[in-house]
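K.L.:
Each chain, letter by letter, is given below.
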Amino acid sequence: DQQVKQNSPSLSVQEGRISILNCDYTNSMFDYFLWYKKYPAEGPTFLISISSIKDKNEDGRFTVFLNKSAKHLSLHIVPSQPGDSAVYFCAASAVGSGNTGKLIFGQGTTLQVKP
Amino acid sequence: KAGVTQTPRYLIKTRGQQVTLSCSPISGHRSVSWYQQTPGQGLQFLFEYFSETQRNKGNFPGRFSGRQFSNSRSEMNVSTLELGDSALYLCASSLNPAGDTQYFGPGTRLTVL
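Chains B and Z, in that order, are what the protein sequence lines are.
In terms of this note's numbering, the first sequence opens at residue 1 and continues consecutively.
In terms of this note's numbering, the second sequence opens at residue 1001 and continues consecutively.
Treat the hints as calculated values from the structure; they're not laboratory data.
Don't take every hint at face value.
[To be verified] Derived DSS-like pairs (lysine-lysine); straight-line CA-CA distance at most 30 Å:
1) B:Lys38 <-> B:Lys71
2) B:Lys37 <-> B:Lys114
3) B:Lys56 <-> B:Lys71
4) Z:Lys1013 <-> B:Lys71
5) B:Lys5 <-> B:Lys114
6) Z:Lys1013 <-> B:Lys5
7) B:Lys71 <-> B:Lys54
8) Z:Lys1057 <-> B:Lys68
9) B:Lys5 <-> B:Lys37
10) B:Lys5 <-> B:Lys68
11) B:Lys56 <-> B:Lys5
12) Z:Lys1057 <-> B:Lys37
13) B:Lys54 <-> Z:Lys1057
14) Z:Lys1013 <-> Z:Lys1057
15) B:Lys38 <-> Z:Lys1057
16) Z:Lys1013 <-> B:Lys38
17) B:Lys56 <-> B:Lys37
18) B:Lys54 <-> B:Lys37
19) B:Lys68 <-> B:Lys56
20) B:Lys54 <-> B:Lys68
21) B:Lys56 <-> B:Lys114
[Unchecked claim] What follows is a set of in silico ranges between Cβ atoms, one per label pair, in the way DEER data are often shown:
22) B:Glu15 <-> Z:Lys1057: 36 to 46 Å
23) Z:Glu1052 <-> B:Ser28: 30 to 40 Å
24) Z:Gly1062 <-> B:Lys5: 21 to 31 Å
25) Z:Gln1017 <-> B:Gly16: 32 to 42 Å
26) B:Pro9 <-> Z:Phe1060: 19 to 29 Å
27) Z:Phe1060 <-> B:Ala41: 17 to 27 Å
For glycine and all other residues, C-beta sits at the position ideal for the given N, C-alpha and C.
If we strip away everything but chain B, and leave its shape as in the complex, we get:
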């Protein structure tokens, strides 16, 4: 039972354009969502998060949108840079239900930004 899904295994965009990475979830108890960037053989690097009481959060080139009714979130990277090429993971937690310290991860989307 995959509670967090990233249906696109890969995405390729041109440098300077927008990258949009998508994530769907099934558990309505999730109340905190995060995006991480990961290079091979390294740990995930935190990018941006959003609480379920918000529908948008921005940090520099990164914006996360949350649509609770659709159980969908997306990460927008504008403008995309070659250094953004990595695997991006969506993660969710259900802190309010007492499920502390546990993140549920999607399977990841490999982003390639072409110069």
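Starting from the known structure of chain B, fit chain Z onto it as the hints suggest.
P.N.:
Just chain Z, lined up with the frame of chain B:
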């Protein structure tokens, strides 16, 4: 501020052996979570410790165990290693487990032969 550190970075063991991995959280962080990453299963939650107490546990066999010390450093142990235990083991720390962002270490790559 120093990030999460994990030792060793690489480890090779044989089936049946046991292994202990170590994690030092970011200074001031009291919650430590452990994850296993494999190509087939992705990133899976193992367990979480806060104030030396295991507060949450994932769906892994009892061969996987852990502990946390008073300085928030944590160790995880895997006994009777199996080939399928080969994975990248990741540790993450946060200020507290209640809706706080988790910051990951570089991981320990375990290979079981």
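K.L.:
Compare the distance between the alpha carbons of Lys1057 (chain Z) and Lys68 (chain B) with 30 Å, and conclude whether the hinted pair is satisfied.
P.N.:
Between Lys1057 (chain Z) and Lys68 (chain B) the Cα gap is close to 27 Å, so the pair holds against 30 Å.
K.L.:
That 17 to 27 Å hint for Phe1060 (chain Z) and Ala41 (chain B) (C-beta), does it hold up?
P.N.:
holds, 22 Å
K.L.:
Starting from Lys56 (chain B), check that the Cα of Lys71 (chain B) is at most 30 Å away, please.
P.N.:
holds, 14 Å
K.L.:
Given the hint that Lys71 (chain B) pairs with Lys54 (chain B), does the C-alpha gap stay at or below 30 Å?
P.N.:
This hinted pair holds, its Cα atoms lying about 13 Å apart.
K.L.:
CA of Lys56 (chain B) to CA of Lys37 (chain B), is that 30 Å or under?
P.N.:
holds, 19 Å
K.L.:
If you check the beta carbons of Glu1052 (chain Z) and Ser28 (chain B), does the distance land in 30 to 40 Å?
P.N.:
holds, 33 Å
K.L.:
Run the distance test for Lys1013 (chain Z) versus Lys5 (chain B): straight-line Cα separation, threshold 30 Å.
P.N.:
violated, 33 Å
K.L.:
Given the hint that Lys54 (chain B) pairs with Lys1057 (chain Z), does the C-alpha gap stay at or below 30 Å?
P.N.:
holds, 29 Å
K.L.:
Is the hinted pair Lys38 (chain B) and Lys71 (chain B) satisfied, with a Cα-Cα distance of at most 30 Å?
P.N.:
holds, 24 Å
K.L.:
Taking 30 Å as the top limit, are the C-alpha atoms of Lys37 (chain B) and Lys114 (chain B) close enough?
P.N.:
holds, 17 Å
K.L.:
Between the beta carbons of Glu15 (chain B) and Lys1057 (chain Z), is the distance compatible with 36 to 46 Å?
P.N.:
holds, 44 Å
K.L.:
Within a Cα-Cα threshold of 30 Å, do Lys5 (chain B) and Lys37 (chain B) meet the stated pairing?
P.N.:
holds, 16 Å
The structure fails hints 4, 6, 25 (numbered hints given earlier, in ascending order).
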